[in-house]
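Quick mapping for you: the protein sequence lines, in order, are chains A and B.
According to the numbering used here, the stretch in the first sequence is residues 72 to 158, in order.
According to the numbering used here, the stretch in the second sequence is residues 7 to 363, in order.
Any given hint could be a false lead.
[Stated by the list, open to error] Facing chain B, according to a computed beta carbon distance under 10 Å, are these residues of chain A, among others:
#, residue
1, Pro111
2, Pro120
3, Arg125
4, Leu139
5, Ala154
Read the hints as simulated data drawn from the structure, not as lab findings.
Every value quoted in this text rests on a predicted model; they were computed, and no experiment measured them.
Heads up, the beta-carbon is just placed ideally off N, CA and C, and yes, glycines get one too.
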Amino acid sequence: MAELHLPGTLTPLFAGLPRRLDVEAATVDDAIATLEQRWPGLRDRLCEPGPQLRTHIHVYVDRERATLATPLEPRSRVDVIAAISGG
Amino acid sequence: MSKTLLLIGTRKGAFVLESDADRRDWKLRGPYCEGWPVYHAVHDAGTGAIYAAAASEWHGSAVWRSNDLGETWALSSEGLSYDADGGRNLSKVSTLAARNGRVLVGVEAPGIFESKDGGETWSLLSTLTGQPGSEAWDDPANQPPGHLGISALMFDDDDDSRFWAIVQGVGVFETTDDGTSWTPRNRGLRADWPRPHEEVGFCVHKLVRADDTRMYQQNHVGMHRSDDLGHSWTEITEGLPTEFGFAAAAHPHDRDTFYVVPLDPGHGRTMPDGKAAVWRTQDAGSTWQALVRGLPQDNAYLGVLREAMAIDSYDSPGLYVGTSTGQLFASADEGDSWSEIASYLPAISSVEVAMID
Numbered sequence: 072m073a074e075l076h077l078p079g080t081l082t083p084l085f086a087g088l089p090r091r092l093d094v095e096a097a098t099v100d101d102a103i104a105t106l107e108q109r110w111p112g113l114r115d116r117l118c119e120p121g122p123q124l125r126t127h128i129h130v131y132v133d134r135e136r137a138t139l140a141t142p143l144e145p146r147s148r149v150d151v152i153a154a155i156s157g158g
Numbered sequence: 007m008s009k010t011l012l013l014i015g016t017r018k019g020a021f022v023l024e025s026d027a028d029r030r031d032w033k034l035r036g037p038y039c040e041g042w043p044v045y046h047a048v049h050d051a052g053t054g055a056i057y058a059a060a061a062s063e064w065h066g067s068a069v070w071r072s073n074d075l076g077e078t079w080a081l082s083s084e085g086l087s088y089d090a091d092g093g094r095n096l097s098k099v100s101t102l103a104a105r106n107g108r109v110l111v112g113v114e115a116p117g118i119f120e121s122k123d124g125g126e127t128w129s130l131l132s133t134l135t136g137q138p139g140s141e142a143w144d145d146p147a148n149q150p151p152g153h154l155g156i157s158a159l160m161f162d163d164d165d166d167s168r169f170w171a172i173v174q175g176v177g178v179f180e181t182t183d184d185g186t187s188w189t190p191r192n193r194g195l196r197a198d199w200p201r202p203h204e205e206v207g208f209c210v211h212k213l214v215r216a217d218d219t220r221m222y223q224q225n226h227v228g229m230h231r232s233d234d235l236g237h238s239w240t241e242i243t244e245g246l247p248t249e250f251g252f253a254a255a256a257h258p259h260d261r262d263t264f265y266v267v268p269l270d271p272g273h274g275r276t277m278p279d280g281k282a283a284v285w286r287t288q289d290a291g292s293t294w295q296a297l298v299r300g301l302p303q304d305n306a307y308l309g310v311l312r313e314a315m316a317i318d319s320y321d322s323p324g325l326y327v328g329t330s331t332g333q334l335f336a337s338a339d340e341g342d343s344w345s346e347i348a349s350y351l352p353a354i355s356s357v358e359v360a361m362i363d
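For reference, chain A alone in the conformation it holds in the complex:
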């Protein structure tokens, strides 16, 4: 199970979505797809057509900058960051 950490700007948009949760997934894309099943519409908040991560959504897997295709290990830590902007 990968350990997923979500930004505080995301959780108010979806009832019951926690800041931290464990996900069984092979890639970042799979992890987001798993969340989308339980919280429909969540994928649109992180990804744009391409598909690719939104410009100001940064994902790190085990502290390394990641893309949707980045593989996850069973004990990976995944940080999803709302980066820059917001001033």
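Position chain B against the provided structure of chain A, taking the given hints into account.
Just chain B now, kept in the frame of chain A:
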């Protein structure tokens, strides 16, 4: 007792100001929509729903909706995107129109999406394909960055298949068949720049309707009036302090009365000489009167954006003007006198009125 609600879109969420029909005492609620930048919030009088077009720099564009006058909100962008392989990006939802359960949203790059289920799902209605000037907005180089989009939508009062759209920097278009075909409606407008097409290339900021035949518009260069529902336009700028501005409002009971907020046309785009004023014509643009009583007259460098002035339809209509520095001014006597009913809001993008029985 009837309620008067002002729906306020700001750079940091939506707010609601609430009063009764007297419109003297106001109570502020908000911020809503999780503080997302809200570009336009509207009320569907037919269903009672409120919709807010918002675009988060982090989480993209969506339309928020509330079925309890703003107490609770949900958002959706399901279907609100262009095909990934079509070369178009949807960078922002800009403007809304809602009528009897149908909601239209205008977006950048130029396109109109519709929802028939109260904003839960969306589908593309039109990109005005083939219209003169569309080669510019279809050019991938223009999207994004850039601000070429649908900046305003206006339903016809009676015919659900008829509405008008403004494409920024291009002009007004009318459809009478629900977006299947379009006709430019810019004849007689002024443009002080070269235009590759005769029918388009006009910078229309705001379009308002006065009655069955009359429209007014605030243009980048001048105020204009149409007496044939947009088929032709006559400039009525003379007598105003500047030809530039964004906001406009038409009196709901007197077709000859129309309000604008002239601004300096340069980078500042604030009220001239630091003196706040709304200008009114009561003779269809032949003469203009500055309305200043109650508005600040010293060091008031206020800007007002295209959707940031609204008028209600009480017997003595109230006017509402929101500034890009967060003040909201209201008049309950058709603009003769004003009071500041909110002072410290985030930058205001839009103001709309909802009259609730």
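Hints versus structure:
1. Pro111: holds (8 Å)
2. Pro120: holds (4 Å)
3. Arg125: holds (6 Å)
4. Leu139: With a closest approach of 13 Å, the A/Leu139 hint is violated.
5. Ala154: Hint on A/Ala154: holds, closest Cβ of chain B at ~8 Å, below 10 Å.
Consistency with the previously given hints fails for number 4 only.
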